[in-house]
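A.B. asks: For the sequence shown, position 200 matches number 200 in my numbering, and the numbering has no gaps at all.
Note that these hints are calculated values from the structure, not bench results.
All values derive from a computational prediction rather than experimental measurement.
Mixed in with the good hints, there may be bad ones.
[Stated by the list, open to error] Straight line, CA to CA, 20 angstroms or less: simulated PhoX-like cross-link-like pairs of lysine-lysine:
(1) 47 with 63
(2) 83 with 120
(3) 108 with 38
(4) 83 with 39
(5) 82 with 38
(6) 129 with 36
(7) 224 with 41
(8) 99 with 187
(9) 83 with 43
(10) 57 with 36
[Stated by the list, open to error] Each pair of labels, with its calculated beta carbon distance range:
(11) 78 with 156: 18 to 28 angstroms
(12) 185 with 151: 19 to 29 angstroms
(13) 155 with 46: 20 to 30 angstroms
(14) 74 with 135: 17 to 27 angstroms
(15) 102 with 157: 16 to 26 angstroms
(16) 184 with 156: 16 to 26 angstroms
(17) 75 with 102: 43 to 53 angstroms
(18) 70 with 143: 33 to 43 angstroms
(19) 77 with 183: 16 to 26 angstroms
Heads up, the beta-carbon is just placed ideally off N, CA and C, and yes, glycines get one too.
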Amino acid sequence: MRNTGKTVRSGKSSLLLFICLLVLLCATPVSAANPKWKKLKVKYAEKANTDRLIFVKYLGGTKASLYMFTKKTRSNGTHYWKKILRCNAFVGMNGIGKKREGDVKTPKGTFRLTEGFGIKDNPGLTGLKYTKLTGYLYWSGEQSTYNTMVDSRVLGHVPQNSEHLIDYNPQYNYALNINYNRKHIYKKGSALFLHCTGSNPYTHGCVAVTETNMVQIMRNTTAKTRICIYEY
């Protein structure tokens, strides 16, 4: 049976409609399906113990987007969040959802930032301790001092299975400790930081951004800052 021109046009119209629908579906932001980010803003807006939020929105693979917000107050006394930074970030080689040491994943959840350190001088971090790194400082992997910064001179020995912090250049030019495993449970995971990017497009469990962005983050971080790491 011979096709008519009308049938051909109808087929083309259906195909065009299908393509348009597909484009619209693909263009829909993934974040629309994840209300967690809005809930976090609402949750911490009226909490006096939180004045900054860092959102690490996991995109898949080892990629993430990082957003930083500062709390502002309206004339009626209510609060809102003003974005002060948006940049690309890298996470662990195996994504997020850390369970144990060596799984090469970044922790998932909401955490405090407890201290800063770096090979370079303090770029402007206030309200949190900043330690200028020396050759004596390690992030301990030993059970007795697990997941803490230690000085080998005070410890009396070089800790085994530990990070010699000053060796990680440029990653630890600037870094902030993510308070994962705050109870220091042995082998649950240690040395999880927000730090500068190195040569690889991934980390071993930390969150990494460019040094320029890291400086901006540190200058705006306080003792009341929270970092939130979840799927986009």
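A.B. asks: Please flag the earlier hints that this structure goes against, numbers listed from lowest up.
C.D. replies: 1, 2, 6, 11, 13, 14 and 19
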